[in-house]
Amino acid sequence: MSENPLVSVIVLNYNAGELLLNCIESIKKSTYKNLEIIVVDNISTDKSQKICKEKYPDIKLIQNDENFGYCEGNNIGIRKAKGDFIMILNPDTIVEPNCI
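Residues 219 to 318 (the numbering used here) make up the sequence shown, in order.
Derived by calculation from the structure, the hints in this document are not laboratory data. Do not take every clue at face value.
Pairs of lysine-lysine residues, derived as DSS-like cross-links and limited to a Cα-Cα distance of at most 30 angstroms, are as follows [claimed, not checked]: (1) Lys251 to Lys273; (2) Lys247 to Lys265; (3) Lys251 to Lys268; (4) Lys300 to Lys278; (5) Lys300 to Lys251.
The following label-pair restraints were derived from C-beta to C-beta distances [to be verified]: (6) Asp302 to Asp276: 26 to 36 angstroms; (7) Asn316 to Thr263: 17 to 27 angstroms; (8) Lys271 to Asp310: 27 to 37 angstroms.
All C-beta atoms in this analysis are idealised placements derived from N, C-alpha and C, irrespective of residue type, glycine included.
Modelling step: build the complete structure from the supplied sequences, incorporating the hints.
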């Protein structure tokens with residue numbers, strides 16, 4: 219394994235709006251830079267999908283066509299992840315810069 223392994227950060231979203239954006243911003247401020255950010259959206263009815271796409275074109279956005287719930291939603295993200303390590307966050311989480 220490399221000294222700088224890829225970490226996939228999965229955030230499961232359902233109508234989290236501004237909380238999701240704050241979560242993504244905190245991940246992007248991480249001192250660890252070899253990150254893959256994956257947002258799995260469980261068919262939100264707010265504008266969080268659209269805002270994610272526009273504001274963060276570099277993240278992987280998975281738009282489910284139904285609400286698969288917490289476990290399956292995260293499993294969908296895990297199956298798409300390419301990282302050596304996986305971190306799962308709720309969209310209302312703010313991570314410290316040295317968390318990863």
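Tested hints:
1. Lys251 to Lys273: At roughly 19 angstroms apart (the allowed maximum being 30 angstroms), Lys273 and Lys251 satisfy the hint.
2. Lys247 to Lys265: holds (23 angstroms)
3. Lys251 to Lys268: holds (25 angstroms)
4. Lys300 to Lys278: With Cα atoms ~11 angstroms apart, Lys300 and Lys278 stay inside 30 angstroms; holds.
5. Lys300 to Lys251: holds (15 angstroms)
6. Asp302 to Asp276: 26 to 36 angstroms: violated (19 angstroms)
7. Asn316 to Thr263: 17 to 27 angstroms: violated (35 angstroms)
8. Lys271 to Asp310: 27 to 37 angstroms: Since Lys271 and Asp310 have Cβ atoms about 20 angstroms apart, the given range 27 to 37 angstroms is violated.
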